[in-house]
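Here are the chains, one letter per residue:
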Amino acid sequence: MELFINLAINGIAMGMLIFLIASGLTLIFGLMSVLNFAHGGLFAWGAYSGVFFYVLLDNFWLGLLGAIVTGLLLGWLTELLIVRPVYGNHIRQILITLGFMLVLTEMLKVVFGPNIINAPTPEMFQGSWMIGDITIIKYRAFIIAVGLILFIVMYSVLKYSKIGLIVRAGVMNKDMIQALGVNIKLVFVLVFMVGSALAALGGALFAPSSGAIYAEMGLEFGIFAFIVVIIGGMGSIPGSLLAALLVGLANTFTAYYMPILSMVVTMIIMLIVLIFRPQGLFNISGVSNK
Amino acid sequence: MTQPLLRVEKANTYIEQFHILQNINFEVQKGELTLLLGRNGAGKTTTLRTIMGLNPATSGHVFIKGEDITSTPTYKIAKKGIGYVPEDQGIFYELTVGENMRVAMMHEDDATKERLEWSLELFPDLKKFWKKPGGQLSGGQKQMLSIARAFVNETDLLLIDEPSKGLAPVVVEKVIEAVEKIKDHTTVVLVEQNFYMANRLGDRFYILDDGLSVHDGYMKELNENEELKRKYLGIG
Ligand SMILES: Nc1ncnc2c1ncn2[C@@H]1O[C@H](COP(=O)(O)OP(=O)(O)OP(=O)(O)O)[C@@H](O)[C@H]1O
Ligand SMILES: [Mg+2]
Numbered sequence: 001m002e003l004f005i006n007l008a009i010n011g012i013a014m015g016m017l018i019f020l021i022a023s024g025l026t027l028i029f030g031l032m033s034v035l036n037f038a039h040g041g042l043f044a045w046g047a048y049s050g051v052f053f054y055v056l057l058d059n060f061w062l063g064l065l066g067a068i069v070t071g072l073l074l075g076w077l078t079e080l081l082i083v084r085p086v087y088g089n090h091i092r093q094i095l096i097t098l099g100f101m102l103v104l105t106e107m108l109k110v111v112f113g114p115n116i117i118n119a120p121t122p123e124m125f126q127g128s129w130m131i132g133d134i135t136i137i138k139y140r141a142f143i144i145a146v147g148l149i150l151f152i153v154m155y156s157v158l159k160y161s162k163i164g165l166i167v168r169a170g171v172m173n174k175d176m177i178q179a180l181g182v183n184i185k186l187v188f189v190l191v192f193m194v195g196s197a198l199a200a201l202g203g204a205l206f207a208p209s210s211g212a213i214y215a216e217m218g219l220e221f222g223i224f225a226f227i228v229v230i231i232g233g234m235g236s237i238p239g240s241l242l243a244a245l246l247v248g249l250a251n252t253f254t255a256y257y258m259p260i261l262s263m264v265v266t267m268i269i270m271l272i273v274l275i276f277r278p279q280g281l282f283n284i285s286g287v288s289n290k
Numbered sequence: 001m002t003q004p005l006l007r008v009e010k011a012n013t014y015i016e017q018f019h020i021l022q023n024i025n026f027e028v029q030k031g032e033l034t035l036l037l038g039r040n041g042a043g044k045t046t047t048l049r050t051i052m053g054l055n056p057a058t059s060g061h062v063f064i065k066g067e068d069i070t071s072t073p074t075y076k077i078a079k080k081g082i083g084y085v086p087e088d089q090g091i092f093y094e095l096t097v098g099e100n101m102r103v104a105m106m107h108e109d110d111a112t113k114e115r116l117e118w119s120l121e122l123f124p125d126l127k128k129f130w131k132k133p134g135g136q137l138s139g140g141q142k143q144m145l146s147i148a149r150a151f152v153n154e155t156d157l158l159l160i161d162e163p164s165k166g167l168a169p170v171v172v173e174k175v176i177e178a179v180e181k182i183k184d185h186t187t188v189v190l191v192e193q194n195f196y197m198a199n200r201l202g203d204r205f206y207i208l209d210d211g212l213s214v215h216d217g218y219m220k221e222l223n224e225n226e227e228l229k230r231k232y233l234g235i236g
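Chain order of the listed sequences is U and R.
Take the first sequence: its position 188, counting from 1, is numbered 188 in UniProt numbering, and each next residue is one higher.
Take the second sequence: its position 160, counting from 1, is numbered 160 in UniProt numbering, and each next residue is one higher.
Treat the hints with care, since some could be wrong.
Stated by the list, open to error - In the PhoX-like style, the derived pairs of lysine-lysine whose C-alpha atoms are separated by at most 20 Å in a straight line are:
id: 1; chain 1: U; residue 1: 174; chain 2: R; residue 2: 80
id: 2; chain 1: U; residue 1: 162; chain 2: R; residue 2: 132
id: 3; chain 1: U; residue 1: 162; chain 2: R; residue 2: 131
id: 4; chain 1: R; residue 1: 132; chain 2: U; residue 2: 185
Unchecked claim - Examples of chain R residues toward chain U, derived with CB under 8 Å:
id: 5; residue: 18
id: 6; residue: 52
id: 7; residue: 54
id: 8; residue: 74
id: 9; residue: 79
id: 10; residue: 84
id: 11; residue: 90
id: 12; residue: 93
id: 13; residue: 95
id: 14; residue: 99
id: 15; residue: 102
id: 16; residue: 103
id: 17; residue: 104
id: 18; residue: 106
id: 19; residue: 153
Simulated from the structure, these hints should not be mistaken for lab results.
Since the model is a prediction, treat every value here as computed from it, not as a measurement.
C-beta: ideal position from N, C-alpha, C; glycine also.
Just need the whole structure built from these sequences, with the hints factored in.
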């Protein structure tokens, strides 16, 4: 039983990390229908800049802040230079964002060097709590808390705030939302920046839990994020959370009980979901998978 | 003559490589309801989209209250007090009726709330289905929502594109009554193929044909001119 609970907690923490990476993509891909393969690059840049500012300023929180600012800036540049000319054209989006992804990855090596970098865990989150036979690693508990808070904030903003309504309406009918007096281009830039900042924050939070970061991590985890958004249902925040937890738990449990399966379990989940629910688990935003 | 509220001057509009509007001239006086008539494909919708900046004119001008808005972005044109009810109604299907209204409100002040109350009295169905997704409304209700939504902000000019399209005669009657009331508060440009409706509401008319403005005048003249009606509107 203790083993089961321990595995479950680990799985949830892993799921939350995946959710953090995927949440930004839920906005960019799920809501705005931009196939942004550079998203993983933002994640890697977030990890590097998080560690960089953490070490430089000797403050974990300022490290997170540095990652968020880096994400906002890179997101702004990405939208302006890379994505804006290719809105509505998926093929071009794939080509140009994949290219940009490689640029982002190589730039990391230029700026921070080609070697793996150690990512320290802040002192306050080192070690673990013991409750009976159950071990709770502090940093994992922290990740779970951050993930939950971000989920609640994002969900409420999209569901209840006017800006959430505007984004959803703008995706459904861009002409009409402008005819109602909304500068939708500006709104889309902001959404893109927030989505990128979320990816960067995800990277910065991920770094201490893995202990080491490397430039190619963006390529690996970017794909993960896409899978989660597809399983969850385009543009659905609850869908992304559920899908991320599912993937996290499945990975943790299979890694323990059936290590061979753990390599492919994410793909198997995606296959099963797409066969029985091609629109994903949730599809509240109403954006179809076109 | 006083300065018209809206003036379209020698406007040329292209959609991709097609030259759709050719030197269109068009004037709207404050307080009047101006009809835009013409056969299918004549360019009525394109004219409204050109005014809204959704298909901006590549040459010529569009003036609102004397100000040139030819290449002003759509959202700024909307903010100048121009409401738009598109041919397909432009309802955000996944948003509820209430959310469709809220997303349209540029301000949430008392005047806006008053106009909202007024629209809900005009269209009680909207109140009744306030929490229903827009996509689940009937054709007539969608039309009402689209009109109410365009009118919820302070509106000097309302552009309405074929509101009777696909509606049963009883519903058309309701829409006519609603536009009659709205007319008292704002200037309207109405695209309409239903001559009964056009005749009930119009003060002045313009006829478009093949992207050209071919005729204009007061409604009375059109009523008496059987040849015009036959030639361009296919009636009589
Ligand atoms: N997206 C487009 N691409 C190419 N041609 C178009 C496009 N939209 C409209 N047109 C053409 O422009 C011309 C004018 O179209 P428009 O929709 O303005 O006509 P309309 O008078 O509103 O017609 P209807 O009464 O059928 O609504 C038509 O010949 C139409 O085929
Ligand atoms: Mg039309």
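Cross-check of the supplied hints:
1. Simply put, residue 174(U) and residue 80(R) have alpha-carbon atoms about 19 Å apart, close enough for the 20 Å limit, and the pair holds.
2. Distance check on the hinted pair: residue 162(U) and residue 132(R) sit about 18 Å apart at the alpha-carbon level, within 20 Å; holds.
3. A distance of roughly 16 Å separates the Cα atoms of residue 162(U) and residue 131(R); the hinted pair therefore holds under the 20 Å criterion.
4. For the proposed pair residue 132(R) and residue 185(U), the alpha carbon gap of about 28 Å is over 20 Å, so the pair is violated.
5. Because the closest C-beta pair between residue 18(R) and chain U is about 18 Å apart, greater than 8 Å, the hint is violated.
6. Below 8 Å, beta-carbon pairs count as interface contacts, and residue 52(R) has one with chain U at about 6 Å; its hint therefore holds.
7. Given hint, residue 54(R) at the interface with chain U, holds; its Cβ is 5 Å from that chain's nearest Cβ, closer than 8 Å.
8. With its C-beta approaching chain U no nearer than about 4 Å, residue 74(R) sits inside the 8 Å limit, and its interface hint holds.
9. Taken as an interface hint, residue 79(R) checks out: its beta carbon lies about 5 Å from the nearest beta carbon of chain U, inside 8 Å.
10. Given the 8 Å rule on beta carbons, the hint for residue 84(R) holds: about 4 Å separates it from the nearest Cβ of chain U.
11. Of the supplied interface hints, the one on residue 90(R) holds, with its beta-carbon coming within about 4 Å of a beta-carbon of chain U, less than 8 Å.
12. With its C-beta approaching chain U no nearer than about 7 Å, residue 93(R) sits inside the 8 Å limit, and its interface hint holds.
13. Proximity of residue 95(R) to chain U holds as hinted, the smallest CB-CB distance being about 6 Å (cut-off 8 Å).
14. Taking 8 Å as the C-beta cut-off, the interface hint given for residue 99(R) holds, the closest approach to chain U being about 5 Å.
15. At about 6 Å, the closest approach between the beta carbon of residue 102(R) and any beta carbon in chain U falls short of 8 Å, and the interface hint on this residue holds.
16. Restraint check, residue 103(R) versus chain U: the minimum CB separation of about 4 Å is within 8 Å; hint holds.
17. With its C-beta approaching chain U no nearer than about 5 Å, residue 104(R) sits inside the 8 Å limit, and its interface hint holds.
18. Because the closest C-beta pair between residue 106(R) and chain U is about 5 Å apart, less than 8 Å, the hint holds.
19. Interface hint status for residue 153(R): upheld, as the beta-carbon distance to the closest one in chain U is roughly 7 Å, under 8 Å.
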